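Participant: Read off the chains here:
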Amino acid sequence: MYSYNEFDAAFVRNRVAQFRAQVDRRIDGALTEDEFKPLRLMNGLYLQLHAYMLRVAIPYGTLSSAQMRQLALLAERWDRGYGHFTTRQNIQYNWPELKDVPDMLDALADVGMHAIQTSGNTVRNVTADHFAGAAADEIADPRPYAELLRQWSMDHPEFQFLGRKFKIAITGSPNDRAVTGAHDIGLRMVQNDAGEIGFTVLVGGGLGRTPMIGQVLREFVSVRELLPYVEAVLSAYNSYGRRDNKYKARIKITVHETGLDAFREKIEERFEDLLPQFSGVDQDLLGEIKAQFAAPAWRNAPLEGFASAYDSDPVFRSWADTNLTEHRAPGYAIVSISLKAHGQTPGDATAEQMQVMADLAERFGHDELRISHEQNVILPHVHKSDLPEIHAILKAHGLATANIGLASDIIACPGMDYCALATARSIPVAQQLALRFDELKIEHDVGALKIKISGCINACGHHHVGHIGILGLDRAGVENYQITLGGDGTETTAIGTRTGPGFAYDEIVPAVERVILAYLEQRESPEESFLEAYHRLGMAPFKEALYGDSLKGSRARAA
Amino acid sequence: MSRRFTPKVVTANDLFKGDVIYLTEDDTWSRDHRDAEFIEDEAHAEIRLIFASQQAGQVVGAYLADATTGPDGPEPVHFRESFRAKGPSNYPHGKQADQQLNA
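Line by line, the protein sequences are chains A and B. Start counting the first sequence at 1; every next residue gets the next number (this note's numbering). Start counting the second sequence at 560; every next residue gets the next number (this note's numbering).
Source of the hints: derived by calculation from the structure; they are not laboratory data. Computed from a predicted model, the values in this text were never measured in an experiment. Mixed in with the good hints there might be a few duds.
With a straight-line cut-off of 25 Å between C-alpha atoms, the simulated DMTMM-like cross-links for lysine to aspartate or glutamate are [said to hold, decoys possible]:
#: 1; chain 1: A; residue 1: Lys99; chain 2: B; residue 2: Asp573
#: 2; chain 1: B; residue 1: Lys576; chain 2: A; residue 2: Asp193
#: 3; chain 1: A; residue 1: Lys99; chain 2: B; residue 2: Asp591
#: 4; chain 1: B; residue 1: Lys645; chain 2: A; residue 2: Asp28
#: 5; chain 1: B; residue 1: Lys654; chain 2: A; residue 2: Asp100
#: 6; chain 1: A; residue 1: Lys165; chain 2: A; residue 2: Asp244
#: 7; chain 1: B; residue 1: Lys645; chain 2: A; residue 2: Asp506
#: 8; chain 1: A; residue 1: Lys99; chain 2: B; residue 2: Asp578
#: 9; chain 1: B; residue 1: Lys645; chain 2: A; residue 2: Asp193
#: 10; chain 1: B; residue 1: Lys645; chain 2: A; residue 2: Glu97
#: 11; chain 1: A; residue 1: Lys441; chain 2: A; residue 2: Glu513
#: 12; chain 1: A; residue 1: Lys290; chain 2: A; residue 2: Asp155
#: 13; chain 1: B; residue 1: Lys645; chain 2: A; residue 2: Asp474
#: 14; chain 1: B; residue 1: Lys654; chain 2: A; residue 2: Glu225
#: 15; chain 1: B; residue 1: Lys576; chain 2: A; residue 2: Asp103
#: 16; chain 1: B; residue 1: Lys576; chain 2: A; residue 2: Asp28
#: 17; chain 1: A; residue 1: Lys441; chain 2: A; residue 2: Glu528
#: 18; chain 1: A; residue 1: Lys37; chain 2: B; residue 2: Asp573
#: 19; chain 1: A; residue 1: Lys37; chain 2: B; residue 2: Asp578
#: 20; chain 1: B; residue 1: Lys654; chain 2: A; residue 2: Asp244
#: 21; chain 1: B; residue 1: Lys654; chain 2: A; residue 2: Asp474
#: 22; chain 1: A; residue 1: Lys99; chain 2: B; residue 2: Glu634
#: 23; chain 1: B; residue 1: Lys645; chain 2: A; residue 2: Asp155
#: 24; chain 1: B; residue 1: Lys645; chain 2: B; residue 2: Glu634
#: 25; chain 1: B; residue 1: Lys576; chain 2: A; residue 2: Asp244
#: 26; chain 1: A; residue 1: Lys290; chain 2: A; residue 2: Asp244
#: 27; chain 1: A; residue 1: Lys37; chain 2: B; residue 2: Glu640
#: 28; chain 1: B; residue 1: Lys576; chain 2: A; residue 2: Asp34
#: 29; chain 1: B; residue 1: Lys576; chain 2: A; residue 2: Glu528
#: 30; chain 1: B; residue 1: Lys576; chain 2: A; residue 2: Glu507
#: 31; chain 1: A; residue 1: Lys395; chain 2: A; residue 2: Glu326
#: 32; chain 1: B; residue 1: Lys576; chain 2: A; residue 2: Glu35
#: 33; chain 1: A; residue 1: Lys290; chain 2: A; residue 2: Asp193
#: 34; chain 1: A; residue 1: Lys37; chain 2: A; residue 2: Asp106
#: 35; chain 1: B; residue 1: Lys576; chain 2: A; residue 2: Asp106
#: 36; chain 1: B; residue 1: Lys645; chain 2: B; residue 2: Glu596
#: 37; chain 1: B; residue 1: Lys576; chain 2: A; residue 2: Asp100
Partial pick of chain B residues on the chain A-facing surface, computed with a CB cut under 7 Å [claimed, not checked]:
#: 38; residue: Phe575
#: 39; residue: Val619
#: 40; residue: His652
Ideal Cβ positions, reconstructed from N, Cα and C, are used throughout, including at glycine.
Isolated chain A (complex conformation) (with noise of 0.2 Å):
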């Protein structure tokens, strides 16, 4: 993992005593709000529905155990015992009070985190596949190149003032589990014939009111390009983004109206110009930063433990069948620690929960774990000789759901139970309709659903990517959900369709049920997954699960 070196731990400190002084600033009356506000935000800090919301960044999804136990101590000190992880692998605390802020990130500063750029329009959190280095399908790790990335971005003081955010993801597997085709910039690495490893870069993805799925902007871009490329879309985009309309001023936008070709041209050029700059010491730089990702010293062990284990106990068998993916080294595994108990709210841990998960890794887990964009907690490097142990120990604290993957593994955003932009309520929809499969007793035996709530048109529940997607919004006063299907946010990115018109608060949950039903009845078996049925079937069976007696009526009266 990187460790800050002097420069990274002097800026974060000088940064958290100017912010600091601009809060006291406020608070004397010496800046106005209309002052203050952008340097708040500058600085993560944004004012919600009932409270501010601070919002910390978790660089790549990566922390150590002191880092979890830090924002354990966060949550228990300066908000109300718990924190919400984000879909951008980002933690947010709901309830801080302004003067107790400065405090919160110098705590932060402590264990060499911070809140700098999760607001703005800037390069936001670089993230990642949260299996990054530990994943058995993967090319290279890439947490590498996200750290460069993360700091060739952070006060760059061509990119701090942007048309809009900008959000770069990087996959080093080619099973993307970063949705690289739904950000700003993707990146995917792959390598060339000759064995080199480098990136297929995409462009222009976005969710939100306009989603585009992100285009190749180049097929190979080496590790020496790779920042100076970046460099360069940014500068374009910078100089031939939309600045006139907010709704218009993404770069997917900046993309669709120059064209792709006209657009690469652009980066082209300013990419020749770039490169001769990049003198090389971006690469000793990287190297410095590769060695500090080195892989743990992997250790052997019996596994008959594992066996007998999963042999006799019927809820730790279920749990390792679901919780778990294939490591890249022999006898390990990769735990997924679900927040998504039924009844609960997605991405959610108590400080305890926090500091059973850090204790974990320090104890277990090589002293690493990750925030998943689904709202999940990884030990990424497990022996499995130790599962048995740490499964009893999550089960004692209530994070041993055994759903990952499953219909009751909901991404929610906060909806407007938190956020100010929200026109509907996520959280309770994902409550319910988790309550209800459990009650139900089917995920199981439905398989891989991915079912996503996003509370407004801005999509931080990543709707559009859900197989099953469902949109909040305010219909004349009433709250209203969409649904769409088909959506998917690996290598094979998809934007969902719409099935019609929406369904009121108390609807949803039976609404949701009604689709499920129908795939389980129309599958040609259980190894046919919900999205392949739905490639198979098309919209019409699901269409006539939601709307069955009224699409009668309207054809009855069409006839």
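Since chain A is already given, all that's left is putting chain B on it; use the hints.
Facilitator: Structure of chain B alone, referenced to chain A:
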């Protein structure tokens, strides 16, 4: 034709705590929607909003929100304002907790 004026309250967030507050008739700020000044006249609403907006050392983002009369004072009309007046639905935090403490 201009839209007919509907009754309002002045609401904002507290600068220090960030929580939801309402302007009362006697120029103070209350954390309880029922204490808010119920404004039925459009011109008066504008004056009260200007008054609220001038208190930059105490409040942030003052605006007029639709309200209706209830047995104990003004009540919110839109569901967003109901959530602001009560707190989130997933935990007993926010005003619902504070009001329990005060009860």
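Participant: Hints first: check each against the structure and report whether it holds.
Facilitator: Against the structure, the hints:
1. Lys99(A) x Asp573(B): holds (12 Å)
2. Lys576(B) x Asp193(A): violated (59 Å)
3. Lys99(A) x Asp591(B): holds (23 Å)
4. Lys645(B) x Asp28(A): violated (30 Å)
5. Lys654(B) x Asp100(A): Holds: Lys654(B) and Asp100(A) sit about 20 Å apart, inside 25 Å.
6. Lys165(A) x Asp244(A): Measuring from Cα to Cα gives roughly 15 Å; hence the hint holds.
7. Lys645(B) x Asp506(A): holds (20 Å)
8. Lys99(A) x Asp578(B): Holds, at about 14 Å.
9. Lys645(B) x Asp193(A): Between Lys645(B) and Asp193(A) the Cα gap is close to 61 Å, so the pair fails against 25 Å, i.e. violated.
10. Lys645(B) x Glu97(A): holds (19 Å)
11. Lys441(A) x Glu513(A): Given pair Lys441(A), Glu513(A) holds - Cα atoms ~12 Å apart, limit 25 Å.
12. Lys290(A) x Asp155(A): holds (22 Å)
13. Lys645(B) x Asp474(A): Cα-Cα ~19 Å, so holds.
14. Lys654(B) x Glu225(A): Status violated; Cα separation ~53 Å.
15. Lys576(B) x Asp103(A): Distance ~15 Å between Lys576(B) and Asp103(A) Cα, so the pair holds.
16. Lys576(B) x Asp28(A): holds (15 Å)
17. Lys441(A) x Glu528(A): Since the Cα atoms of Lys441(A) and Glu528(A) sit roughly 19 Å apart, the hinted pair holds (cutoff 25 Å).
18. Lys37(A) x Asp573(B): holds (14 Å)
19. Lys37(A) x Asp578(B): holds (16 Å)
20. Lys654(B) x Asp244(A): violated (39 Å)
21. Lys654(B) x Asp474(A): Cα-Cα ~23 Å, so holds.
22. Lys99(A) x Glu634(B): violated (31 Å)
23. Lys645(B) x Asp155(A): Violated, at about 39 Å.
24. Lys645(B) x Glu634(B): holds (11 Å)
25. Lys576(B) x Asp244(A): Roughly 34 Å separates the two Cα atoms, so the pair is violated.
26. Lys290(A) x Asp244(A): violated (41 Å)
27. Lys37(A) x Glu640(B): Given pair Lys37(A), Glu640(B) holds - Cα atoms ~23 Å apart, limit 25 Å.
28. Lys576(B) x Asp34(A): holds (18 Å)
29. Lys576(B) x Glu528(A): violated (52 Å)
30. Lys576(B) x Glu507(A): violated (36 Å)
31. Lys395(A) x Glu326(A): Distance of about 22 Å is within 25 Å: holds.
32. Lys576(B) x Glu35(A): holds (19 Å)
33. Lys290(A) x Asp193(A): holds (24 Å)
34. Lys37(A) x Asp106(A): Distance ~20 Å between Lys37(A) and Asp106(A) Cα, so the pair holds.
35. Lys576(B) x Asp106(A): Holds: Lys576(B) and Asp106(A) sit about 19 Å apart, inside 25 Å.
36. Lys645(B) x Glu596(B): holds (18 Å)
37. Lys576(B) x Asp100(A): OK: Lys576(B) and Asp100(A) at ~10 Å, within 25 Å.
38. Phe575: holds (5 Å)
39. Val619: holds (5 Å)
40. His652: holds (6 Å)
The structure fails hints 2, 4, 9, 14, 20, 22, 23, 25, 26, 29 and 30 (numbered hints given earlier, in ascending order).
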